[in-house]
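Given chain A's structure and the hints, the job is docking chain B onto it.
Protein chains in written order, with my numbering: chain A, 1 to 339; chain B, 1 to 106.
One thing to keep in mind: the hints can contain errors.
Coverage of chain B stretches by chain A, computed from C-beta distances (three or more under 8 angstroms per stretch; other residues unrestricted) [as the list claims (entries may be wrong)]:
#1 19-32
#2 35-41
Computed list of chain B residues with no C-beta within reach of chain A, every gap over 12 angstroms [to be verified]:
#3 T72
#4 E73
#5 G90
Treat the hints as calculated values from the structure; they're not laboratory data.
Glycine included, C-beta positions come from ideal geometry on N, C-alpha and C.
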Amino acid sequence: MTEPFTPVTLITGFLGSGKTTLLRRLLADPALADTAVLINEFGEIGLDHHLLERIDERTVLLTSGCLCCTVRGELSDALRDLHSRRAREQVPWFRRVIIESTGLADPFPVLTTLHADPVLKHHFRMERIVTTVDAVNGARTLANHAESVKQVAVADRIVLTKTDIADAAAATSVVRRVRAINPSAPLLRPDDTSLVDSLLGDDTDATARADGVAEAWISEQMAAADAGGNPHVQDVTAFAITFDHLVDWTAFSLWLTMLLHRHGEAVLRVKGILNVAGTDTPVAIHGVQHLVHPPLHMRAWPSADRRSRLVFIVKNLDARAIERSFAVFCASSASRAPA
Amino acid sequence: MCALCGVLGGSDHWADAPARPGVFSRVADPLQRRRERAQRVETANRILTHYRMTLSDWQGSAFILSTATGKTELVDNLSHLWAVAERLSGRACDPLDPLLMDALRD
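So that you can see chain A by itself, here it is in the shape it has in the complex (with noise of 0.2 angstroms):
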């Protein structure tokens, strides 16, 4: 049966990152031998395809600009051109699509471009991000330039590259200041046996993506848990808070909706599960700065907790305000009980 929804994952990551290595590595495995890909390369003449020696229809090159300022209409073309030729069957079959983005590029404009085109949002859907870090000059990176860090920040999996060139001390204080900025994200080596499977295994299932967020829930609050220890990279903060009593949907929606509209650009991401009045199970949110998910419905609660939490990674925003805000518009709403 034909999926409803192409996933596409996208490869991002700071110049020299690896991400062109990582790509190459994912396409020689046969299990993704049934996969588009789309490379950006910012400038005239584009190397990386020919460094990836994969050339045949469904390997697409966009050589406009750099994705998230020039080229996102030639992304949207690319992709629908692509869909239309598999459905003409002018093209080997793909179930996947990935693209490689310029090591500049934000990765937040391909979300929306997946989300909002009106072609495109019926056809693709965004499985994950993933973030190469270097494991030598990451450090460096992550302190001087703002694009890495809002990079590893709406990371789904981060991969840790060139850990066999880079000393013990360097590569530590990398994953220390990676975790500072996205303490849910797996990290993931480019040698790990279940690479594959963790970068781009099949969860398609709304439910099992929703369970998905659960799992990184669980991880994330042992990461909280001693995030005050962490170093602050560039101003990014993570932080969880909770809510002990039911959340009101509506004022809810109305608190999010305000808090992305006014600081949506500092919100580098949003995830977490809500106890919602009227539900019997969790509520699954995800949000990369003022583009929101549909909120998916949990098949249970992963522990006997029934609280809802909720995890940010903000830039230059204080948590403590969020916090009395979201408590404030809950508590404001009519609806409100004891959980």
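Coordinates of chain B only, in the frame set by chain A:
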């Protein structure tokens, strides 16, 4: 689509997520959808009072945002609401504003 006014039905805003397997929705049936819209108007007005504005439902498919001086505009969804509210009121609608939080506590 409404044949009379040409309004397209079905919002794809996350707060109005259509009922699909695994997706949390408050618009699964007409009654639930109307109840949610009524509650949304009531709750939004508690916030908008702070900015001297009011919200009302329009045809079950959009909302009408009005200022105390009569400026009125149609808004499609919650994200659109705050952009229009800021433009009509000339104020930043910030949920972290201590004055707004004080007002909501009262």
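Right, here's what the structure says about each hint:
1. For a cut-off of 8 angstroms, the count of residues in the segment 19-32 of chain B with a CB near a CB of chain A stands at 6, and the three-residue condition holds.
2. Coverage of a stretch by a chain is defined here by at least three residues with a beta carbon nearer than 8 angstroms to that chain's beta carbons; for the segment 35-41 of chain B and chain A the count is 3, and the condition holds.
3. Under the 12 angstroms C-beta cut-off, the non-interface status given to T72(B) relative to chain A holds; the minimum distance is some 20 angstroms.
4. Every C-beta of chain A lies more than 12 angstroms from that of E73(B), the closest at about 15 angstroms, which supports listing it as non-interface.
5. Separation of G90(B) from chain A is adequate, the least Cβ-Cβ distance of about 15 angstroms exceeding the 12 angstroms criterion.
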